[in-house]
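Novice: Chain residues, written in single-letter form:
2 protein chains.
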Amino acid sequence: MGFEYLTNTPLDTAKEAYLKDLTDLGFDSTEETVPVSESCGRITSEAVYAHGCAPHYAASAMDGIAVYASDTFGATDTTPVRIAAGRFAVVDTGDQIPDGMDAVIMVEEILLQDDGSVMIYSAAAPWQHIRQIGEDICAGEMILPSYTKITPSAIGAMIAGGILAVRVIKLPLIGIIPTGDEIVSPCADPKPGEILEFNGSIFSAMIHEWGAIPKLYPIVPDRFELIRDALRHAAEECDIVLLNAGSSAGREDYSAEAIRSLGKVFFHGIAMKPGKPAILGAIYGKPVLGIPGYPVSGILVIEEFLHPLINRWFHTKPSSCPVTSAFLTRPVVSGLKYEEFVRVRMGYVGEKLMASPLNRGSGVVSSFMKADGILRIPQGTEGYEAGTQVSIQLLSPIEKLKNTLVVIGSHDPLLDEIGDLLHRTDPGLFMSSSHVGSMGGIMAIRRGEAHAAGCHLLDTETGRYNISFLRKYFPHGGVKLIRCVGRNQGLMIAKGNPLNIRSFKDVARTGIRYVNRQKGSGTRILADYLCKENHIVPEKIYGYDREELTHTSVAAQIASGSADAGMGIYSAAKLYDLDFLPVCIEEYDLLIPDHAFETPMVQKMLSVLKSDAFREKLTQMGGYTLDRPGEIIPYLEDEIL
Amino acid sequence: MGFEYLTNTPLDTAKEAYLKDLTDLGFDSTEETVPVSESCGRITSEAVYAHGCAPHYAASAMDGIAVYASDTFGATDTTPVRIAAGRFAVVDTGDQIPDGMDAVIMVEEILLQDDGSVMIYSAAAPWQHIRQIGEDICAGEMILPSYTKITPSAIGAMIAGGILAVRVIKLPLIGIIPTGDEIVSPCADPKPGEILEFNGSIFSAMIHEWGAIPKLYPIVPDRFELIRDALRHAAEECDIVLLNAGSSAGREDYSAEAIRSLGKVFFHGIAMKPGKPAILGAIYGKPVLGIPGYPVSGILVIEEFLHPLINRWFHTKPSSCPVTSAFLTRPVVSGLKYEEFVRVRMGYVGEKLMASPLNRGSGVVSSFMKADGILRIPQGTEGYEAGTQVSIQLLSPIEKLKNTLVVIGSHDPLLDEIGDLLHRTDPGLFMSSSHVGSMGGIMAIRRGEAHAAGCHLLDTETGRYNISFLRKYFPHGGVKLIRCVGRNQGLMIAKGNPLNIRSFKDVARTGIRYVNRQKGSGTRILADYLCKENHIVPEKIYGYDREELTHTSVAAQIASGSADAGMGIYSAAKLYDLDFLPVCIEEYDLLIPDHAFETPMVQKMLSVLKSDAFREKLTQMGGYTLDRPGEIIPYLEDEIL
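These protein sequence lines map, in sequence, to chains R and V. Under the numbering used here, the first sequence has 72 at position 68, and the numbering climbs by one with no breaks. Under the numbering used here, the second sequence has 350 at position 346, and the numbering climbs by one with no breaks.
Because the hints were derived from the structure by calculation, they are not lab data. Just so we're clear, the structure is a prediction, and the values are computed from it rather than from any experiment. Warning: the hint list may mix true and false statements.
Cβ-to-Cβ under 8 Å is the rule here; a few derived chain R residues that face chain V [unchecked claim]:
#1 PHE202
#2 ILE206
#3 HIS212
#4 TRP214
#5 SER323
#6 VAL368
#7 SER557
Here are the simulated DSSO-like cross-link-like pairs (lysine-lysine), alpha carbons at most 30 Å apart as the crow flies [to be verified]:
#8 R:LYS406 <-> V:LYS356
#9 V:LYS24 <-> R:LYS174
#10 R:LYS509 <-> R:LYS578
#11 V:LYS195 <-> R:LYS321
#12 V:LYS356 <-> R:LYS621
#13 R:LYS321 <-> V:LYS174
#14 V:LYS404 <-> R:LYS404
#15 V:LYS195 <-> V:LYS578
#16 V:LYS356 <-> V:LYS499
#17 R:LYS219 <-> V:LYS614
#18 V:LYS24 <-> R:LYS608
#19 R:LYS614 <-> V:LYS153
#20 R:LYS321 <-> V:LYS356
#21 V:LYS174 <-> R:LYS608
For glycine and all other residues, C-beta sits at the position ideal for the given N, C-alpha and C.
Bound conformation, chain R alone:
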C-alpha cells in the first residue's frame, strides 16, 4: 500500500464543509414514540399539544364547602347568612364542585349549625377558591415546541394534559470499530508490544454523555478486507461509524482506502494537533469518521467532529463551552501549520487564574483526565510566552478551580494521599499537584503560581535542608516553611541486587545502567552531591542524563529491567518491590506563601498533616518519619534568634 499524502484542511473549514456534504447526502435524524414517563432528557421531534385540560373538571382549591355564590350575597360579620343543608356540599382540596355550584368557602370561615346548616360571615365571590378547568393546561394548547428537551416538569405537564406517549428524536447508534494487530482487549497483564484497546471505552463514555448510544465492535486485525467488511456491517447497523485506526500510522493504515471502497472520503488530514490524520467520510449517506489511534488525538477528533454531528442529529444548538482567561505559567511553542490543542491544569492563586500546560504527548491519556481546560493555539500562531493572558476552554467548573489547592514542586506520592484525605474531609475541596522538582517549586511560589510546594533541598555546607535556600530566595520572608515528613532516600536497585551494587560509587561501574531525576529536583541535587563526594565525573555514569520526573517512574524503569539503579525514596522502592540501599533521611517540607496560609484550603490541609489518618497512611507506605508535621519552621535569622 502506497504512502498517502494527507491534506492540511483548516479545522473550521473541514467541519463546515463536511456538515454541508452530509446534509446534501440526506443525513438527518429519525423519530420514534416513547412513553412520556420514560421521556426525560429526550428531544421532541414535533410540537406537543395537550389532549385534555388540567384540571379536567372544576375542582375545589381548598378544604371547605361548595356553595351557590348568589346564596351568600349580603353576608357580613354583623349580618351572617345561613346556608341550608342541601344548598352546600363539603369538599376537600381537589374534589369536584357539584354541578351548578360556583364558589368555595374555606372550612375556617364557616360555623356548622346543629340543624346541618352553616353560617357564613362574608359573601363568596363567584368562582372563588375554585380551580377552573384548564387553569394549568388547556386542551389543544402547545405544551412543548419541536426540538425541545423534555424536563421532569414537562413530563408532569404532558401527563396532566392527557398525553401518555410522545414523538421524540431517536437516539443515534454510533458504531466504534477498533482496528490493529497490536490491539488487545483490556486485560490486567498485557504482553510487551500489545496495546490495550481502551479508546473504545473512552469514546463509548463520551458518546453516552452526549446522549447517543455507542456500539463497540470486536477488534479487527490490520487486513484491508476485514476492515472493509466490518465497516460495511457497521454502516448498515448504525447511524454514524467511527473507525479507530491502529496506532501504526504508516505501513498498515487501511482506513481511508476502506472507507473510499464503500463510500466517499471528503477530507483526510486536518490542520489540528493532535488529530491531524483524521478522516471525514460517508458510507450509504451515513457519516464515517477515521479516528487516529492515539487516545488524546482520538478524543479531540471526536469532540471536534462527532459531537457536532450528534447535535445536528438532535437539532440542538451545542451549548458553547465556557471560556475564561488565565495566565500561562510556562511558555508554549506551537507550529504555524496547524491549530494546536494544549491541555492545561488550572488553579486560582489569590485572584489570579493560572494555566499550566500538561504533557502534550498524544499517548498520554492521563493528561486529559487531569486537564481543567484546553488552550487552543490558532493556526499561524507560534505560541505564547510564560505570563501571557490566554483564552481557555474550561473543562472544570470555575467553582472547582476556586477550591483547588495548587501544589507545585518536588514529587512525593504522599501528596496524592494528602489530596485524597483533604477531599474526603471536605468534598468541596480539591488538590492538583505538578512535579517540577524542589527548585521548580520555589520558583512557582515566587511567581505566585502555587499555594504550596514540596521541597527537600540539602545545603551541603550546613547539612540542613531548605532553610538556606529560603533565605536566599525569600530574604524578606513572605513564605512559611511547614514541617512535613522525614523520608528515607537511597539507591533503588533490582530485587536481589543481581549486579551486587553496594554503594552509590558502584553506579559508575561499567555495565550498570543508571536512571536519573530531572535537573532542579532535590533528588538530582542529592545525586550530584553524591557524585562530587565520591569523586565521580557524572558523564562516566551510563544513563545519568536519562531523566524521569518522579520517584515512581524511576522505580518503574528499574522494575522493568530497562535500568539497574536510580536514586529515590523508600516508599517508591517498596511499591515496586525493589531492593533499597539507604543513603540518608532527608527533610521533605512544604512551602506555603503567606497570602495563602490563612485560607480554609491550606488550614484544612494542615489539619490533614496532623491527622491520624495521614500517619496511618504513611506507615503503610513505609520509609517515612513523622515529627510534629504541620508545624512552622522559622528560617529567617531574626525569627530563629
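Please build the complex by placing chain V on the supplied structure of chain R, with the hints as guidance.
Specialist: Below, chain V without anything else, positioned relative to chain R:
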C-alpha cells in the same frame, strides 16, 4: 384522626438539623464494584491506584528503526555512519524496542543500502523517540482520589493502568409511594374528581437526573394501615423513601402518623411556600420524606430536601445553582411567615434581564416547565415592587435567555406556532410568550420588557385597529406596527347551540352563563363595545366578571359545560368543536420596538411570518386571513401622509 398543627421551622434550620439527625442515625452510602468500562459518571468510593504502567514496555514513538545510541555517535551530514544489518530493527509506532537498543531514528532520516545496512546522518540521543515505561501512568500511582466522578478519560487512564473494575458508591434507590383515594394512574380520559398520578413520573425523572434510581410503587388508598405497610416495605427495600400525600391536605392525611408509627418525625411543617406541609422523618435509619400532593410544592420540597440527601450520599458538594440579577416586571407580594419560591420567566430585552412572575398556584405544573428561574423571597420579607432588581436562581442557561424572543401581549395560539417555526428554523432561538392582553402588551413594550406584543385594539370611532392606540401611547414613534393576521372574532357557544343564541344580545338573557376575558384584553374591549352598542348593562350578564386569560381557556369552559357563551376567535372554537357566531374580522398585529427590530431574532421571526409553513399552519387552524404578513404599517400621521 385529629387535626395536627404544623410547625413553621425555617427552611435552612430544618435542612441542617435533619442532615445532622440522619448522620447520628448512621445514614451513609454503600459501595459496589463495577466494570471500569461501565463506570462513567459514577463516584469512586476510595482512591484508585494503577496496577501496571502505561506504556508497560518501552515503545517506539515513531515509525523508523531502533538502534544502539552508542552506534550512532559521531554521525553528521558530512560523516554519515553505517549501521549494519542486525544492529538495528525496523519498528512502527507502538512497537516494542528490542532489548538493549535505546534510541529510535525516524524513517525519513535513514537511507537503506543494498547490503541491508542503513546510513544515518545525525547521532541519536539515548532514549530519543522512545516512550518510556510509565510515561503516561506508573504502577502504584493514584489515578483518582476518593469521591471523584469518573470521566471518559479517567476510564481510559484506569484501563491503561491495568484496572478493569472499580469500587464506586452504589446508586441509592429512592422509593416513591403515591397515596390518595382520588389518585389514578395516568390515563387519557380521567373522570371528574380523579387526579392523575403524575408526581411519581416527575419525581422519578428528577431522581434520575440526580444520578439515583427511582422506584415508583403502586398507588396506596387513604387508609392508615395500607400506608403504614407500604412505608415499611419501601423502607426495607430502598435507601430513601418519599411518601407523596394525596392532595387532600385535611381529613385524610395519614402521612406523619404512619411515619411516626414506624420511625421518627423530626419536622412537620417548614416555613416555605409552596411546600409548607413537608415532613422530614426516618424509618430504620433511612430518610423518609412526606411530600405535599400539589406538584409544584412536591418539586420544591424534593429539590430542597431530597437533593441534598443524594449529594450527601455521593459525598459530592452540590454545584451551586447559578444566580443572576434581573428586574421584576410585576410586583410580587409575599407573606412574612415563610420563604417563598416564585417561578419566573426571563428574557433579555436589550441589555436588561427581565423576570416575570409566573402563576403561583401550586397545582400549576406547567408554570414550572415554563420557568427560567426561581425568585426566593426570604422569610420576613413582604415582597418586591415592579422594577426591583432581584436575585434569581437560574434554571435556564443565560445563553438561552439571550436568544429568547420575549412576546408579551394579546393571546393567540398562532404565537406558539411562530415560536415553534422559529425554533425549527434555528435551534439556537427560542420564544417565550405571556398573555396579558393587548393593553398589557403596549405597556410592556413601553417599559422595555418585550421584543414583540400581539395587539388587536379597535378604535370604535374610526373602526380601525391599533393605529390610534399607538399614536396615543407612542406619539413620537419608537415602535413598529407589523401586519400579522386578520382573524375571525365571534361568540363561541356549545355545539348545536342548545340555548338558541342568535346574537351577542342574547348573552344577557336569563339562564345564559357567560365567560369573559380579562380587562385590558382586546377581546374584552370588543365585548364591552358590543354591550354598549346593544344597550346592555354588563352587570346584567351572568358571569361577565368571570375572567379567563386566553381564547382557549374560554372555549374550554364552554366545552366542559360550565359556561354557555364567550367571545373568542374561530380557531379556538374549532379546536373545541364549538359552534361559532362570527362578529367581525379583526386585525391582529405585532408591535415591535425599534431597538429590537434589527436583531436577528426579530428578523427571523418576520421571515417566519412570511413563510409558506406559517400560511399552511394558519389554514389548518382556521379562521385567519393573511394579507402581506410581516409588512410595516405606518401609524404616525407624518408617516401616512
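Novice: Each of the hints needs a verdict: does it hold here or not?
Specialist: Taking the hints in turn, this is what the structure says about them:
no.	hint	result
1	PHE202	4 Å, holds
2	ILE206	4 Å, holds
3	HIS212	6 Å, holds
4	TRP214	10 Å, violated
5	SER323	6 Å, holds
6	VAL368	5 Å, holds
7	SER557	5 Å, holds
8	R:LYS406 <-> V:LYS356	29 Å, holds
9	V:LYS24 <-> R:LYS174	45 Å, violated
10	R:LYS509 <-> R:LYS578	22 Å, holds
11	V:LYS195 <-> R:LYS321	41 Å, violated
12	V:LYS356 <-> R:LYS621	55 Å, violated
13	R:LYS321 <-> V:LYS174	34 Å, violated
14	V:LYS404 <-> R:LYS404	24 Å, holds
15	V:LYS195 <-> V:LYS578	24 Å, holds
16	V:LYS356 <-> V:LYS499	47 Å, violated
17	R:LYS219 <-> V:LYS614	44 Å, violated
18	V:LYS24 <-> R:LYS608	21 Å, holds
19	R:LYS614 <-> V:LYS153	27 Å, holds
20	R:LYS321 <-> V:LYS356	24 Å, holds
21	V:LYS174 <-> R:LYS608	28 Å, holds
Of the hints listed earlier, those the structure fails to meet are numbers 4, 9, 11, 12, 13, 16, 17, in rising order.
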